[in-house]
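Protein chains in written order, with the numbering used here: chain L, 1 to 311; chain S, 1001 to 1257.
The set of hints was computed from the structure by calculation and includes no laboratory data.
Take the hints with a grain of salt, since some may be wrong.
[Unchecked claim] Below are the PhoX-like pairs computed for lysine-lysine, each with C-alpha atoms no more than 20 Å apart in a straight line:
hint, chain 1, residue 1, chain 2, residue 2
1, S, Lys1251, S, Lys1088
2, S, Lys1053, S, Lys1166
3, L, Lys250, L, Lys282
4, L, Lys115, S, Lys1166
5, S, Lys1006, S, Lys1166
6, S, Lys1251, L, Lys142
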Amino acid sequence: MQPALTIRDLEKTYTGGHTALKGVSLEVAEGDFFGLLGPNGAGKTTLIGILSSLVNKSGGSVSIFGHDLDTDLANAKACIGLVPQEFNFNMFEPVIEIVANQAGYYGIERQEAFKRAEANLKQLDLWDKRRVMARTLSGGMKRRLMIARALVNHPRLLILDEPTAGVDIEIRRSMWTFLREINAAGTTIILTTHYLEEAESLCRNIAIIDKGELIENTSTRQLLNTLKMETFVLDLESPLAELPVLKTHKLQWVDSHTVETDICRDDSINTLFTELNEQGIKVLSMRNKTNRLEELFMNLVENANSNRAAS
Amino acid sequence: MNTHEKLVALKTIATREILRFSRIWIQTVLPPVITTALYFVIFGNLIGPRIGKMDGFDYMEFIIPGLIMMAVITNSYGNVVSSFYGSKFQRHIEEMIISPTPNYIILLGYICGGVARGLTVGIAVTIVSLVFHPLNIHNFWVMFSMIILTAILFSLAGLINGVFAKSFDDIAIIPTFVLTPLTYLGGIFYSISMLPEFWQNMSRANPILYMVNAFRYGFLGISDISLMTSYVIIIAFIITLYLFSLHLLKKGHGIRT
């Protein structure tokens, strides 16, 4: 199957001399839900800018469903839908016109454009707001408007640059459901996000960029399997006067009713409870202290920084 | 994109541009009509009779074509410069840049918007002028072609200004310090034959002089400049500015990084 996206040795140096991308290569399979992660300033938005023709690349090649950006730009563009990080629609235009006009830029007739705009706005719960000026929408509505707009040309590749930033958890979850549905319907999705829980929940494959370099590119499952330790927080029934000493696990103090401990993925969790029982400590509940991917992400970025410093 | 799709894209951009200035007609259409009406009252009605005839015509009749042309120039320019800069400022220019719409279609779409506003204001000013003087049309096609060509030329100039503008100040500098002086010195209120030879020659370096005179020929049948020279100069300007605008859009000047 032809890849949805092929990037080879992609480089970008801005006029001021800042190098944002240092030879990034990656491939995204058709139908994938692909996460592009990295700290602020890692080069994610530059990469997306190049894919969507908003940033001129300095070197390397990009091909979207086999259409090279250098030789077949119009066809490459026709495959893409973009939800950028910042609001980039006319705040003084009615919502429905923003979506329908976008269809027009792809050569879709006005009547069909309005039909598609209606379907997308209904799907994203914006139909009631179709006639209002975009500036009057709430932050979450503006984000959904950008998704409705990006989907109006029925893109084969949807690129979302932090689509749920600043959106409350309820809307975020409903957007996740929506994105899963369109991915299941065949649209390839590339997602950048700072919410690692989001990437873990949605993405089948993940690439991590740091300081313009690709430091990881694998499946989410494989990435999570590399985690050896997990930290669990235990909520206790009775307050503790002092920290109990266990044979197999080392407990750490959080407060009088709460302790935490690191557990190796290969170890049985039963031994912890057996020892706590022996000491008469009753556990009411237990939870992961950190998001697993978040921990892994931090490890990878720190390792990459150490390697750079060493070399 | 095939030809039909390109035409759909052009229609979309042109419609969007026309709706943009129509929605805010109190800001875009009404003020130039009021300003020009004041010119008619002050220069035509109050001062005009004391000036007497100009090239054999009443002063009011002489200045009407120039004032219509001035309204067309400032509005076609103003429409494109503010719309294009606004789309850069709010970043919704990106909607078109990421789409497969070719640059020349984007350019033509903005020109359509500029010409539409120029013509709308031009027609409104012409209607107002009827209150002060009956309309004489010597050659409709010269008048019509000249107003269209002028609106195209200044739409292109407005787009170039919009491309280079980095702030709202930058979109006001050219109209204030270049366009307005050139328009006032372009023979709207006087015939250059009244000027000393040196200033007549200096005036010939002003492209607006050619437009005003050719347009006035369409109304009154008189011109300080040969009609052919006017057409050649205006068309040459249009071709140059069109190619330059296209080059700027292709390079993504001020749009892409």
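Here is how each hint holds up against the structure:
no., hint, verdict
1, Lys1251/S - Lys1088/S, "holds (15 Å)"
2, Lys1053/S - Lys1166/S, "violated (46 Å)"
3, Lys250/L - Lys282/L, "holds (17 Å)"
4, Lys115/L - Lys1166/S, "violated (37 Å)"
5, Lys1006/S - Lys1166/S, "violated (30 Å)"
6, Lys1251/S - Lys142/L, "violated (30 Å)"
Checked against the numbered hints above, the structure breaks hints 2, 4, 5 and 6 and satisfies the rest.
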